[in-house]
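S.K.: What follows is each chain in one-letter form.
There are 2 protein chains.
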Amino acid sequence: MSGTVLPSWNDGVARKAVVDFVTSAVTPGGGFVEIADRIAAFDNDGTLWSEQPLPPQFDFVFRKWGDEVAADHALAAVQPYKALVEKDNAFFARVGAQDPEVIETLLAAFARSWAGTTPAEFEAQVREWLEAVKQPKFDVPYVELVYAPMLELIKYLKDNDFRVFVCSGGGRDFMRVFAEETWGIYKENVIGTAADYSYSNGSMVRAARGLGGLDIGPGKPEHIFATTGRLPVFAGGNADVDIEMLETATFALLVDHDDDEREFAYTSNAEKSVERAKELGWTIVSVKDDWKTVFPSK
Amino acid sequence: MSGTVLPSWNDGVARKAVVDFVTSAVTPGGGFVEIADRIAAFDNDGTLWSEQPLPPQFDFVFRKWGDEVAADHALAAVQPYKALVEKDNAFFARVGAQDPEVIETLLAAFARSWAGTTPAEFEAQVREWLEAVKQPKFDVPYVELVYAPMLELIKYLKDNDFRVFVCSGGGRDFMRVFAEETWGIYKENVIGTAADYSYSNGSMVRAARGLGGLDIGPGKPEHIFATTGRLPVFAGGNADVDIEMLETATFALLVDHDDDEREFAYTSNAEKSVERAKELGWTIVSVKDDWKTVFPSK
Numbered sequence: 024m025s026g027t028v029l030p031s032w033n034d035g036v037a038r039k040a041v042v043d044f045v046t047s048a049v050t051p052g053g054g055f056v057e058i059a060d061r062i063a064a065f066d067n068d069g070t071l072w073s074e075q076p077l078p079p080q081f082d083f084v085f086r087k088w089g090d091e092v093a094a095d096h097a098l099a100a101v102q103p104y105k106a107l108v109e110k111d112n113a114f115f116a117r118v119g120a121q122d123p124e125v126i127e128t129l130l131a132a133f134a135r136s137w138a139g140t141t142p143a144e145f146e147a148q149v150r151e152w153l154e155a156v157k158q159p160k161f162d163v164p165y166v167e168l169v170y171a172p173m174l175e176l177i178k179y180l181k182d183n184d185f186r187v188f189v190c191s192g193g194g195r196d197f198m199r200v201f202a203e204e205t206w207g208i209y210k211e212n213v214i215g216t217a218a219d220y221s222y223s224n225g226s227m228v229r230a231a232r233g234l235g236g237l238d239i240g241p242g243k244p245e246h247i248f249a250t251t252g253r254l255p256v257f258a259g260g261n262a263d264v265d266i267e268m269l270e271t272a273t274f275a276l277l278v279d280h281d282d283d284e285r286e287f288a289y290t291s292n293a294e295k296s297v298e299r300a301k302e303l304g305w306t307i308v309s310v311k312d313d314w315k316t317v318f319p320s321k
Numbered sequence: 024m025s026g027t028v029l030p031s032w033n034d035g036v037a038r039k040a041v042v043d044f045v046t047s048a049v050t051p052g053g054g055f056v057e058i059a060d061r062i063a064a065f066d067n068d069g070t071l072w073s074e075q076p077l078p079p080q081f082d083f084v085f086r087k088w089g090d091e092v093a094a095d096h097a098l099a100a101v102q103p104y105k106a107l108v109e110k111d112n113a114f115f116a117r118v119g120a121q122d123p124e125v126i127e128t129l130l131a132a133f134a135r136s137w138a139g140t141t142p143a144e145f146e147a148q149v150r151e152w153l154e155a156v157k158q159p160k161f162d163v164p165y166v167e168l169v170y171a172p173m174l175e176l177i178k179y180l181k182d183n184d185f186r187v188f189v190c191s192g193g194g195r196d197f198m199r200v201f202a203e204e205t206w207g208i209y210k211e212n213v214i215g216t217a218a219d220y221s222y223s224n225g226s227m228v229r230a231a232r233g234l235g236g237l238d239i240g241p242g243k244p245e246h247i248f249a250t251t252g253r254l255p256v257f258a259g260g261n262a263d264v265d266i267e268m269l270e271t272a273t274f275a276l277l278v279d280h281d282d283d284e285r286e287f288a289y290t291s292n293a294e295k296s297v298e299r300a301k302e303l304g305w306t307i308v309s310v311k312d313d314w315k316t317v318f319p320s321k
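Chains as they are written, first to last, in the numbering used here: chain E, 24 to 321; chain L, 24 to 321.
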């Protein structure tokens, strides 16, 4: 069996920990987990796909804001458009560090940019971006930079009767556009920061307000509970904003980006999560050592 | 095939319409529905179980409020406790008619009653009520008054690769307690009016605020879209507050309560939905004529 599951994972401590946990969860005995309770939750940016130099959704959003500034130059004087025009990446990096001032500014701008949009219109915009835009380092569409070993892990969990959810700080509706074809995960299993929608006279349109809070930090278990009525048994993340989600799980996996050759090497905004992983015995996955391949072969 | 599916349904227009629609949805051709799109949504009160003389959750809530009034007599002077003490059922009937003043009063009281409760504490209270309390007309626990033909319909849809959701104006967390054993539907497929929860220091506790709006009227498609990223292909309801949900579906089914002998006969708060059903060609299900049995045999 170990030869057929997780083929992109090197034999090692991380792979063994995953297989041992799942085997124990489905085998009668002390580690057995009832099928109804088998909920797995994964962060997206940096856990399921590359998030450097910035999470891909920023590329989509920045293009939209670029168009808005071009149409109304006055916007260039106010945040977050100012940071964009001035290429002030330090401003955007403060999102990962959960700086409330930056986050509030960004959320207000997101809300304005798509308020009044129907789901079909929003999906069309995301699809256009998915097909047209390439990631700067690898020169391929962003969705090709999903991690092959994590796709295998999702499949392995599903094959063992886990219901797998993606739970990202990024946009719920953004991820839902490609969730089914990319991850094999139905839209209803995608949890993320979300705008509220209003229905009237046969139409659903995006409102300028959020539905629930930002899906990072404590927001992750809050969103997972709201969606599923449970907390996850298995969770995977890679950053400080994933700590609370990982703490709620029986089995926690933390991706350590240490492979500058095949992907990126960085520890920013993940320092606390590595400490917490050591304290609580989470499974740390080294991209360099634990993954035979990083991206799916075409 | 028609002999093995929906056995509690009489052969008739309603049963034929359901079977024809589902058969067409899974058969290559003009009526085919992609598996990913096969979302079905059902109201609960009056659609999946008896809602007379009042939706069962009111029984649970009224007992809690009764305890609160006993502990603090001053509450008896303010709504909604006043209406409860004075047995002013007209006040509570205004919920079904979506009277904003009544709804706001009730929601504020719900929020106060369970704010600070953990999911496990809330579940224990609901379980105690489920086991101890009996419905006044039938003298059995409320969950025994789920409709056998609708359980068969849920199973029939699931057997045809529909993902079935319950979408009720009632409480999400209330229904989730019995969803799996009663309907065979995982908690994550239960949509309802919900309180927000806050996570901190390893604990999830109920907040005194709602998450999203009330799940009635336009709130139903809004909640279904938020949960699933889609609108339903198949929807079932029985009341005016279900109209918007039914309008969004390709196939809409409306339960008509016309059987005072085996259940209840009433049209209150369903008048507009019957009109809309006739206008739009929805399938009307007569409890009296279309169902061989109403409740599951024990």
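Some hints could be false.
For chains that are exact copies, the list does not tell them apart, and a pair is met inside one copy or across any two.
What the hints assert, rightly or not - With a straight-line Cα cutoff of 30 angstroms, these simulated DSS-like cross-link-like pairs (lysine-lysine) come out:
| hint | residue 1 | residue 2 |
| --- | --- | --- |
| 1 | LYS178 | LYS110 |
| 2 | LYS181 | LYS210 |
| 3 | LYS178 | LYS39 |
| 4 | LYS210 | LYS301 |
| 5 | LYS178 | LYS210 |
| 6 | LYS39 | LYS110 |
| 7 | LYS105 | LYS87 |
| 8 | LYS157 | LYS315 |
For the record, the hints were derived by calculation from the structure and aren't laboratory data.
S.K.: Hint by hint, say whether it matches the structure.
M.R.: For each hint, the structure was consulted:
1. Proximity of LYS178 and LYS110 under a CA criterion of 30 angstroms is satisfied in neither setting, with 39 angstroms inside one chain copy and 55 angstroms between copies.
2. Taking the shortest Cα distances, LYS181 and LYS210 sit within 30 angstroms of each other both inside one copy (15 angstroms) and across copies (18 angstroms).
3. When the C-alpha separation of LYS178 and LYS39 is checked against a cutoff of 30 angstroms, the pair qualifies only within one copy, where the shortest distance is 17 angstroms, while the shortest distance between copies is 38 angstroms.
4. For a Cα distance limit of 30 angstroms, the shortest separation of LYS210 from LYS301 qualifies neither inside one copy, at 34 angstroms, nor across copies, at 33 angstroms.
5. Taking the closest pair of Cα atoms, LYS178 and LYS210 come within 30 angstroms of each other both inside a single copy (16 angstroms) and across two copies (22 angstroms).
6. In this homomeric assembly, LYS39 and LYS110 never come within 30 angstroms of each other (Cα to Cα): the closest approach is 43 angstroms inside a single copy and 63 angstroms across copies.
7. Taking the shortest Cα distances, LYS105 and LYS87 sit within 30 angstroms of each other inside one copy (14 angstroms), while across copies they are farther apart (54 angstroms).
8. For the identical chains of this complex, LYS157 and LYS315 are intra-copy neighbours only, at 24 angstroms inside a copy versus 60 angstroms across copies, given an alpha-carbon limit of 30 angstroms.
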